[in-house]
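This is what each chain is made of:
Number of protein chains: 2
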Amino acid sequence: MSIPRIEEQINFIIEIDKLTSVFRQSYLINEDRSENSAEHSWHVATMALILSEYAEEEVDQFRVIKILLVHDIVEIDAGDTFCYDEIGVQNQMEREKRAGDRIFGLLPEDQAREIFELWQEYEAHESPESKFAGALDRLMPLLHNYHTNGKSWRKHGINRDQVITRNASIREGSEALWAYALSIIDKAVAKGYLAAS
Amino acid sequence: MSIPRIEEQINFIIEIDKLTSVFRQSYLINEDRSENSAEHSWHVATMALILSEYAEEEVDQFRVIKILLVHDIVEIDAGDTFCYDEIGVQNQMEREKRAGDRIFGLLPEDQAREIFELWQEYEAHESPESKFAGALDRLMPLLHNYHTNGKSWRKHGINRDQVITRNASIREGSEALWAYALSIIDKAVAKGYLAAS
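Just so you know, the sequences run in chain order B and Z. Here my numbering is used: position 81 in the first sequence is 1320, and no number is missing along the way. Here my numbering is used: position 1 in the second sequence is 1240, and no number is missing along the way.
Hints may contain errors.
Remember, identical chains collapse to one label, so a pair may be satisfied in a single copy or spanning two.
[Said to hold, decoys possible] No farther apart than 25 Å at their CA atoms in a straight line, the calculated lysine to any residue pairs in the SDA-like style are these:
(1) Lys-1390 with Glu-1254
(2) Lys-1390 with Gln-1248
(3) Lys-1426 with Gln-1248
(4) Lys-1257 with Gly-1344
Keep in mind the hints are simulated off the structure, nothing from the lab.
In isolation and in its complexed conformation, chain B is listed as follows (with noise of 0.2 Å):
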C-alpha cells in the first residue's frame, strides 16, 4: 500500500535532520568543536548567495544553491570523507550511491529523480553549476582553517602543496576565488598555520 505524497516528503524530511550527526573535519570558526554537515550546507548554500559574481561561467544561481543544499546529504548513511584520506576517497562514491537511492528514495518518485539528479550533477563536476558549487566546496574549508589558525591542517599535518593539489579545481568554477583562495594559502604558510612543505 502506498502512502501519501505529503508522508513521503515528511518522511525525508525527518530523515535528513540525521544530517546534524555528521561531523566533517573543518572546525567552526566561533565554537570549539568540529563543523556537521548541515551546518556546512546551511553555510556555503549561502556563500553561494554573495559569491556568484565570481563563476568562470554564467551560472543558474538557483541550480547551484539546489545543488548545495542537497550536496552532502549522501553522508548520513556514507559519512563524511576526509579529503587527504586516499583510501576512504576510493570507495567513496560507491558507499554514497547506495546512500543516494536510499534516501532520496524516501521522496515521490519526481523528486526523488530530481534530488538524485542534483547530487550526480555535483558529482560529475561537468556543468558549469556544478564547478562553481564544487569551488565554494572547496573555498569554505580554506576559510575554516585559516580562521582557526590552521586547526584541521595541523592536525592532519598537511602541507601546502597538498592543499594546492587538492584544491586546485576550484579554478575551474572561478578564476577569482582561487586567486583569492591562493592568497589565504599563502598567508597560511607565512603565519605558520600551515606547513611550507
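With the hints as your guide, set chain Z onto chain B.
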C-alpha cells in the same frame, strides 16, 4: 579607506559562522541536544525545495529559499526569541533591526540592501513568498516536537490552544500544510506529547 569588495563579502561569510552558536528551543530528532539556527536554516531551506507545491499562492521558489537562508542571521546579535515568550517578542523587532544593520552592513552596499530586503520581506509577512517561508518555519518545530515526543512542549508546559494560536498563520502560507499540522497536533495530544488544555 575602503576594503576590496571580495574582502567585505568574505568578512560577512566568516561572521555568519556564528549562527552555529545560536540555540533554538527545538530539539534535534536524532541527537539529544537543542538545534542551532544554522542547522535549522539549512533544514527549512531544503524543506522549501520539497514542499513548495503546497504554497497557497504561486511562489518564486528561489526567493522562498533565499529568504529562509538569511531569515535567522540577525539572531547572531539578537538571539533566538522563543515564540511563546511574550515579553521577548515585544522588543524582538528592535533588537533584530540593529543586528541586521550591523551584520548585513558588512557586505558591499548592493548586497547589504538585497539581504536586508529579503529579511524585511520575511518579517513583514505580506508577500506570498514570505507567507510560505513563514509557514515552513513554523511547521518545522511542530515536526521536531512531534518526533521527539513533545520534548520542548513538555519542558515549557505548552498546551494545544497555545500551539494552535501560535501556528495558525501557517494557514496563510498553505492550507494543505495547516491541515497536516493540525493532524500532527491532534496526534500529539492523543499520545500525551502535548497537553490538551
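Do the hints match the structure? See the list:
| no. | hint | verdict |
| --- | --- | --- |
| 1 | Lys-1390 with Glu-1254 | between (31 Å within a copy, 18 Å between copies) |
| 2 | Lys-1390 with Gln-1248 | between (39 Å within a copy, 23 Å between copies) |
| 3 | Lys-1426 with Gln-1248 | between (46 Å within a copy, 18 Å between copies) |
| 4 | Lys-1257 with Gly-1344 | within (16 Å within a copy, 34 Å between copies) |
Comparing the model with each numbered hint stated earlier shows that all of them hold.
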